[in-house]
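Chains as they are written, first to last, in numbering that gives the first Met the number 0: chain H, 0 to 143; chain D, 0 to 143; chain S, 0 to 482; chain X, 0 to 482.
Not close to chain D: a few residues of chain X, all C-beta gaps over 10 Å, as computed:
#1 I15
#2 L41
#3 E76
#4 K416
Sample of chain S residues facing chain X (criterion: CB under 8 Å; computed from the structure):
#5 K347
#6 E360
#7 K362
#8 E363
#9 M476
No lab work stands behind these hints: they were computed from the structure. Each residue gets a CB set at the ideal place from its N, CA and C atoms; glycine is no exception.
Take a look at the letters that make up each chain.
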Amino acid sequence: MVEEKKQLTLVLGVIGADVHAVGNRILEYAFTEAGFKVVNIGVMASQEEFINAAVETNADAILVSSLYGHGEIDCRGLREKAIEAGIGDIKMYVGGNLVVGKQDWDDVKQRFLKMGFDRAYPPGTMPQEAIDDILEDFGLKQKC
Amino acid sequence: MVEEKKQLTLVLGVIGADVHAVGNRILEYAFTEAGFKVVNIGVMASQEEFINAAVETNADAILVSSLYGHGEIDCRGLREKAIEAGIGDIKMYVGGNLVVGKQDWDDVKQRFLKMGFDRAYPPGTMPQEAIDDILEDFGLKQKC
Amino acid sequence: MQLANKKLDWDQFLQIRQEVINSWPTGQEADLADGVAYQAQLPAKLRFAEKLEQAKQEGITLAQPRAGVALVHEHIELLRYLVDEGGADLLPTTIDSYTRQNRYNEAQAGIEESRTVGRSMLNGFPAVNHGLAACRQVVEAMSVPVQVRHGTPDARLLAEITLAGGFTAYEGGGISYNIPYAKDVPLERSIRDWQYVDRLVGYYEEQGISINREPFGPLTGTLVPPSISHSVAIVEALLAAEQGVRSITVGYGQCGNLIQDVAAIRSLEELAEEYLNRFGYQDVVLTTVFHQWMGGFPQDESKAFGVISWGAATAALAKATKVIVKTPHEAMGVPTKEANAAGIRATKQVLNMLKDQTMPETKELAAEVELIKAETRSILDRLLEFGEGDVAVGAVRAFQAGIIDVPFAPSRYNAGKILPARDYRGAVRLLDFGNLPFSEEIKDVHREKIGQRGKLEGRDPSFQMVIDDIYAIGKGMLVGKPR
Amino acid sequence: MQLANKKLDWDQFLQIRQEVINSWPTGQEADLADGVAYQAQLPAKLRFAEKLEQAKQEGITLAQPRAGVALVHEHIELLRYLVDEGGADLLPTTIDSYTRQNRYNEAQAGIEESRTVGRSMLNGFPAVNHGLAACRQVVEAMSVPVQVRHGTPDARLLAEITLAGGFTAYEGGGISYNIPYAKDVPLERSIRDWQYVDRLVGYYEEQGISINREPFGPLTGTLVPPSISHSVAIVEALLAAEQGVRSITVGYGQCGNLIQDVAAIRSLEELAEEYLNRFGYQDVVLTTVFHQWMGGFPQDESKAFGVISWGAATAALAKATKVIVKTPHEAMGVPTKEANAAGIRATKQVLNMLKDQTMPETKELAAEVELIKAETRSILDRLLEFGEGDVAVGAVRAFQAGIIDVPFAPSRYNAGKILPARDYRGAVRLLDFGNLPFSEEIKDVHREKIGQRGKLEGRDPSFQMVIDDIYAIGKGMLVGKPR
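Isolated chain H (complex conformation) (with noise of 0.2 Å):
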């Protein structure tokens, strides 16, 4: 669980094109569960409704999923469109289905670390992984 003192804001949503809604839910009920205050804009968001829910909110992170297989294409430039939105700093989480075929997964991890991602996620996450890294980059509790 998250402590008392402060409540960590999520955006949370599916890239792109991508329509892949059973994840999304499910995250948005682990995280929720976790005690973030999780803002979800669903699957088919853009950029520019990442970047918009982050600074409305004023979120903590910005979590994407992408699960098509486009997320090279549709992640570029998401930390620049974040950098001109004077949120530059904004912790960013990727996972799913990264990449179109069986790639190697340190290379597509690189890739999007490079992108300005944070973390990145291969399939077959679990939530729990993502919370426990969230809680440690924000220093409220020691990965096991």
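Given chain H's structure and the hints, the job is docking chains D, S and X onto it.
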């Protein structure tokens, strides 16, 4: 069909401590149907049994099956025994699951050709292939 | 113009058509007479509808993969590989997600980048951007029929180009390609746009060219109760038939429980026939498609083969006309062609082994068939009431009212109130009925069966049970167990 | 001494035992008291009988591979891998073919050569040559129970060493490890030698150490009709029970037709219970084992996964207590450890998905159960007549007379007169009944079903049909079609 003038005699058997009887039964049927005279010494046949049967029946070829992986040990020295028995020129064919584990077939084949076999067949060979080869080797039929 | 389930007036169709083909440059390439002439000279081996009808008569199940990449040459190579190395009986051309949203500019960028980096940056074949000639190049290079598979709410331009381009089957529908595939598209609009597609197919049919149409069965692919997907499939079959479509394949996505799955395919075929007859569409050739497991897959390829093979076995025992095949890379996203072919080979092995076997009638199977039929009739009959006898109007109003409700759908035009969960045998039941018009008798069956599971697991049915079920297959189970 | 189904006198046992343990140097290492003491301190997780009994109570199916290599360290590594990476519930130690024929000198040569060339030159683990300490090393390194699996007509020395060595289950029997595994061994001798093994197991049982015994179900693994293998299994169960064995697993090899396979497992369990009760062996814990497809396999690994998964599905639906798992390398011979683990993972995925499902009762299933029971009773009752009530004597005479007859067996003590073939649904029937004591009513069922197939294929039933059936699975089919 084999031409009228000469019916080839084949000694057929499963070598070593191998008891696989199904393929042996099918080969007997297929070679007999194809017009050969088949001397089937059955399963668990020793090298001596192959040689003796070949000498006794004045056979044209020896057909060795091995399905259980010990073929490499069991077949070694068969050519030498044939030479000792005065039938050093007899054609020798071998086929089946000749070695333990999945190994490169070309390697396996070379090993058996070096042992003195004229041809070696991998798992899954249909009887017709061996029939055609034998007819070709004895100049009785062009392979199509 | 009011929405109604009525055959589109031809002049009106032609008027809309001008807008459609002018919406992107390649649209101009599609000409009706030329399309019909091209289709007419295709050999019989490339005709989807014929191959399905023949399979139905022989009582066998055909295997069809999903596949599509950004560039034409690579796409042709991929499809050929799936026939030569996989033994696919039917081929797909899966369309990329940008095209599905009519974002042709982004698709174009994806094509260019794919050329530059030397690998497909798109998750499918952007048929609109490639245009007519490329479609014909694909179709002509094949030895088996090719279907367009996508997920496009407004698929009118795609249909014009691909049908004139020689594809002989077209997946989708005004509900099944909207509710699970879009967020903001009003049902009224997507149904209307799909009436256009069906009218186009009906036109080809009038010219003697039979094009197969397939409402998308699995919807969101996650814990969808059979009666929900059946209702959608039957509504779309009726809408298509009214526009003159004559070859219809209704579909269903595997839930995982053998009895429920076999019952679903049987009831689907019988119910669709029943409703088509009731509305006077007597001359439709109806076939069925069974989708292998559409939910989460195990990461491990051997385990994935287990899931794939079990789907194939169920399809064969249910005697579906075709089965849509998954791949051992499913958990990793878009598969390599090798993995795709491997999935087909495993599937065909099982289909062949089981082609002479059927699931015999049993008490449990009959009860499940009756339950699905009663549920589907409840939904459809209330939908028709809402539409004052018109199935198009009824569909829009039924979704508004939550009379039909698809679990986990992204669309805001879907009520999203029902909650499915598995019972102790792994069959998909309902935990929350939302506004579904089920009788208390039906509801009691669901409550009892989920209740039994709760008892066995020592917990009250809740959303956590649903989450556990969604993750279950990835963890090697069907029914999600408490952690 | 006359052969009879009578518990071996202990003094006589000890007398034979001297010969047995003196037949090869490592035999001296086996000490009865020491063996019992060693077994007694093994943890519960290593006890085969207990794990089976628990699985039976829970109604789940356990997965067990086949595996064995020449050297101890490599064998341990292999078995551990199958648990860690495959998820095996039960382990085997498959014995090499030289040891099975008591050719310990040749086994020794195989061990030495394996050391030299750095790969296993033997198709299994030569437990006799390695001796007691090596066996204990294997057992102690495991986290699940280990069974000895072999094919040894005279398995007395192997049993002495492996049971004192801590193995808690032992496959085989006087018929099932002779007729399919030897050419020249008289049945009378192998039955007697297996009475010794069973008496040894019975001794351990008297000391409170339960050792599981498993007659080898599939026999020649090729088109064996259920009633043939059931008859052998039940005879061996009776022989074992008389010697004091209390944990017995009866087995059956998949024929491929779902209804026949489920009916076979059901009828096997019920018939075995029936005959054990009839002869007063009330305290036996009876479980079942289902062998995945034992015939020819497809070369292609994806297709092999299909065959494996279908076997797993049948085992789960039949609710067998355990399933013996094949590998995607099956067509290539002895598999790598990776391929072996992959087969287990695919199997366990399917077992888990189906663990809450069973095959419901149907008319066809009930009819098949009754047919198998009627056939098996015909054979067993005539066998008992021949033996004047003694099942051991009856077995020998029944094989002489062809009252039991195993298709494709190498043994000259088997009549080899019957000819099996598949019917049009893929179930194994008989084309030639040899001397099987079936009623005309039973024979008519077989004739009719094979006749139906002949009609469909437009050919008269013949040996060619049998050959086509043997090759069928390798070509992706169950029923062999005319070329």
